[in-house]
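Please build the complex by placing chain B on the supplied structure of chain A, with the hints as guidance.
Residue numbers (our numbering), protein chains in the order written: chain A, 1 to 137; chain B, 1 to 80.
Worth flagging that the hints you see were computed from the coordinates, not collected in a lab. Ideal Cβ placement from N, Cα and C applies to all residues, glycine included. There's no promise every hint is true.
[Said to hold, decoys possible] Listed below are several chain B residues computed to face chain A (Cβ distance under 8 angstroms; list not exhaustive):
id, residue
1, 8
2, 9
3, 42
4, 53
5, 76
6, 78
[Unchecked claim] A few chain B residues that face chain A, going by a derived Cβ cut-off under 8 angstroms, partial list only:
id, residue
7, 6
8, 56
9, 79
Okay, here's what each chain looks like letter by letter:
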Amino acid sequence: MSIQIVSSEIDVEACRKSAAADAAGAVVVFVGAVRDNTKGREVVRLEYEAYVPMAIKVLGQICERAESMFGLLKITVHHRIGILNVGDTAVAIAVSAPHRKAAFDGCQFIIDELKKDVPIWKKECFTDGEAWLTDRP
Amino acid sequence: MHIQLFCFGQVKEAIGANLVDFECDEGDSVKALKMKLLNVYGGLKEVPDFRFAVNQEYVGEDYELSENDEVAIIPPVSGG
Numbered sequence: 001m002s003i004q005i006v007s008s009e010i011d012v013e014a015c016r017k018s019a020a021a022d023a024a025g026a027v028v029v030f031v032g033a034v035r036d037n038t039k040g041r042e043v044v045r046l047e048y049e050a051y052v053p054m055a056i057k058v059l060g061q062i063c064e065r066a067e068s069m070f071g072l073l074k075i076t077v078h079h080r081i082g083i084l085n086v087g088d089t090a091v092a093i094a095v096s097a098p099h100r101k102a103a104f105d106g107c108q109f110i111i112d113e114l115k116k117d118v119p120i121w122k123k124e125c126f127t128d129g130e131a132w133l134t135d136r137p
Numbered sequence: 001m002h003i004q005l006f007c008f009g010q011v012k013e014a015i016g017a018n019l020v021d022f023e024c025d026e027g028d029s030v031k032a033l034k035m036k037l038l039n040v041y042g043g044l045k046e047v048p049d050f051r052f053a054v055n056q057e058y059v060g061e062d063y064e065l066s067e068n069d070e071v072a073i074i075p076p077v078s079g080g
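Bound-form chain A, shown alone (with noise of 0.2 angstroms):
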């Protein structure tokens, strides 16, 4: 399990690679991206904060429970934090099964929970403003 919260680049190919393992037919790669408007407003970037630690480890929790509610082989997840501009790698989630199903399910479970639970807030930079997500997606 490798569980990061990076304020560089995130290398999604080194994450797909670090999650596959001999056993896998299936490794499934979730990334989210900094899409350039919410609600029809123009979205210039997003500024990302984390209580680091707390998100480790809550991250942790979530990742074990994946791997055994899905059988995973392999998890790593990387979340970036800091300024982001538009099309840039937010968070990449990289996950190893057996089969595809459970590494389907087993990644959407994981981003899931992260937007339920994780400690990591963005503020959204418009145009006109700028006001922290309040409303979960």
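Just chain B now, with coordinates in the frame of chain A:
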């Protein structure tokens, strides 16, 4: 008794700092701390549904605080 209070996102802006030393009473629950904080920092009333973590674990409002606990106020999270 003395606790360390970590603040993030909207909470940090409402309180005006990311780390605060806060005095509360022996045996105070998280709920009691929340009341005291709302009195001192009126801006917190604007933050919807914030939670608390103690020593990096989410806790409920009944949780009893101890000296030197690392307490964090967790506004709605928005990672990913």
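### Query
So which of those numbered hints doesn't the model satisfy?
The structure breaks only hint 3.
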